[in-house]
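Engineer: Chains as they are written, first to last, in our numbering: chain A, 39 to 377; chain B, 906 to 1408.
No wet-lab data here; the hints were simulated from the structure. Hints are not guaranteed to be accurate.
[Stated by the list, open to error] Reference excerpt, derived from the structure (chain A facing chain B, CB under 10 Å, subset only):
1. S91
2. P150
3. A154
4. C158
5. M235
6. K239
7. T240
8. F242
9. N252
10. T257
11. F323
Note that CB positions come from ideal geometry on N, CA and C, so glycine has one too.
Listed below are the residues making up each chain.
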Amino acid sequence: MSDMSQNASNLREGMMASMSKQQIGRVLAKQGILIAFAVFMIAFAIASPKFLSVDNVFSVVRSSAIIGVMALGVTFVVISGNLDLSVGSMMSFSTIVVLDLHDKLGPALAIPAMFAMTLCLGAFIGFLVGYLRLNSLIVTLGMLSAIHGLTLTYSGGQNMDIADKEGTWFSVFGQGTALGIPVPILIFLILAALLGMVLAKTPFGRKVYAVGGNGTAATFSGIPRARTVFYCYLISATCVATAGLIQASRSLGSQNTVGQGLELEVLAAVILGGASLLGGSGTVFKTVIGVLILGFIQNGLLLMGLQFYVQFVVTWIIIILAVWLDIAAKRGKLWSPIA
Amino acid sequence: MTDVKPVLRLEDIVKTFPGVRALDGVSFSVLPGEVHALMGENGAGKSTLMKVLGGIYQPDGGAIFMGDQQVVMAGPLEAKAKGVMFIHQELSLAAELSVAENIYLGELPRKSFGRVDWAKLTEQTDAILKKLNVSFDAKTRVGDLSIANQQMVEIARALTVDAKAVIFDEPTASLTDAEKVVLFDVIADLKRDGVGIIYISHRMEEIFKITDRISVLRDGQYQGTVNTADSTEESITQMMIGRKLDLSRNASHHELGDVALEVRGLSCGKLYQDVNFEVRRGEVVGFYGLVGAGRTEIAETLFGLREPSEGQILLDGQEVRIHSPADAISRGISLVPEDRKGQGLVLGMNCRDNMTLPQVDDLKAGPFVAEGAEVAIFDQYRDRLDIRTPGWRAQAGNLSGGNQQKIVIGKWLSMHPNLLIVDEPTRGIDVGSKSEIHKLLRELAAQGYAVMVISSEMPEVLHVSDRIIAMYSGRVMRTFNSEEVTEDSLIKAISGLSDDKAA
Ligand SMILES: Nc1ncnc2c1ncn2[C@@H]1O[C@H](COP(=O)(O)OP(=O)(O)OP(=O)(O)O)[C@@H](O)[C@H]1O
Ligand SMILES: [Mg+2]
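The following block holds chain A by itself, in its conformation from the complex (with noise of 0.2 Å):
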């Protein structure tokens, strides 16, 4: 064995001395959407001198914030293997009960409530998909529609409004600023730092890549799939809880259709962030990234003046690109015959 191992680590030594140059090459096809970031950055503030100013990148994120606080839950129902195509209907109904229990039970009740109702609808989706397998694109599909019919119920159809709005301290989610920074990003960096460790270094991060990654040898490995796919839709409704408390804060009054949508925003925010949705891989801090490219792209295109329902087709066709791009990075070729 000894002289077999000593063979063995001469191999890793003269592996480490052909790594420099090679290195590069792969940090470029890994970081390839950092860089396609700086590069739009850089073209549209040559475009336009506002872009970059404090108060436009300021309202970029905060924008961007409900977005991103959802897409950070979708991070990792995709990485498990995943869809959750819910969460913009989601969101409507928790912005809807929020705004009604307000006046009905007082914010600091009204709150607690909110989330309590948002989890029981992820509980239900994470025990059709995780413990029935049933398939995720059909199952939350399903609850786009029905989620909306909930709250068109609960609501009578009427748009939602808090009657005193100037006296509740409830307007502080979406609208306060605190250390100078407005509380929706304080929010969305708060909890993309909370979930990122989550993702990243927990036993249960690694069993989120695991289930994603390779179902059966986790299920070998004694890693219990349906809890953890169950739990990744129980951080996607509070996500969603969340990012509807914001809305209904920043407005304090609310359509039934205001998440409308959005589903495919988040969705498009978390591959341009480089998650497979084969499941398996991306990251939280990817999923940012994607979140402030998308975000600063539809800005980008409003400053240069084009209808805002053109980013509707902008933005596919970015999302295009960016899968397009990550796959060709990946095999080293813009088109190839085998994977």
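Please build the complex by placing chain B with the ligands on the supplied structure of chain A, with the hints as guidance.
Structural biologist: Quick look at chain B with the ligands alone, frame taken from chain A:
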């Protein structure tokens, strides 16, 4: 031999991956009608070299010649068009498609308007399958086949074209003896037709049985080519690993301890019936039988992956019900599963994380995974099992097949189980490491572990076991002591021929 033109010649092939020089100037040639063995340790570069030949990887340097002409294999289809067929080490079939569709994938016979000519397809496929003497037909869904039968489909695929050269990358790793005979017949046929054959295997007895010449790689470097007739197992091993190998059986007769596992009247539907056996601490019990004899299913039951329909499982004398793998693990049972890619590894995860996966909950520093402790475990088993990787950060999927298997073994050894079950532990592992693993299994037994070894390789079972349980179609046929067992009686027992049922 000398004045025959080679069908295939490689010159100075170089291929590097991030952190690895997988091939470092390899040259060799294959003559028509010859079976040319390619040997080397796990990670020596054999599969990589063949993938270069098959157009899957592009070399960083060197040239490929077919006949007198230099060729560039731009992709697998081009290699195929030039008559180079490739039977992969890792299966690459579409599970949802039928056998016929898999075999003719990309070139299904057509009728007018591009419609698939199913009748012709089935007919052609069945003709090939008949040659291979297999038990399934053209319309079987590939996902329903055993791994061995999937391997036969891969082989069938290579017989559909007029090949000039056929590459077999560890084709027998999951074949039974009977299937091997068929495969060797096929190879003999190809040989007669003047096809050049490259044959990769870690099984010496096959190499000496069917090959004409042997080329050896070590750490990506070409070590030379010799005539099989002029070499011995020792000389080849010496070329491969640069030293002599100690193949003696560790015959240490230590005291057996208490019964660690007892199984009474265990049945699981049609998979196996009325199975009784016990495993003591300090004992290695081998399970030998054909594929489908129910051995893997018993292991899966003990590991909480299947519910038994009848019978009892006793651990240390206590009857237990094992509901899940987590349950089994907490009771000190480890299972090294049969299919390393499907069941053993998360291929996209790094080596370290794969190895510590079953114990992440126990390796904690505060709320976080203790990464230092993980690296320590990885380093320990990398050295103990001689795993070749650029480092723990390497993705498991990028390791050579044998090194992947070692990661799985390390993963379960590091759990320090009371009962270690290994299912085909040395599939695809080189001779050096194989004997290390056999020694390790004996050592573990000596340290008081109870070990169950499931294997379809007779030499392996004979080599490591204190007792051998022979199974046939879901039943225990006979239990042998290592002193009384002979190859003949073992073969009889697993073919269902023996009726003196002593259990
Ligand atoms: N796609 C890849 N990316 C990075 N490294 C790779 C890749 N493919 C192979 N390697 C490395 O190249 C080396 C040679 O691997 P290869 O699969 O050719 O070995 P092998 O001789 O076939 O071994 P085995 O007997 O275990 O199958 C190994 O160190 C492996 O880790
Ligand atoms: Mg190989």
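Engineer: Now tell me if each hint is right for this structure.
Structural biologist: Each hint, compared with the structure:
no.	hint	in the structure
1	S91	violated, 39 Å
2	P150	violated, 24 Å
3	A154	violated, 24 Å
4	C158	violated, 26 Å
5	M235	holds, 8 Å
6	K239	holds, 4 Å
7	T240	holds, 6 Å
8	F242	holds, 9 Å
9	N252	holds, 4 Å
10	T257	holds, 6 Å
11	F323	violated, 17 Å
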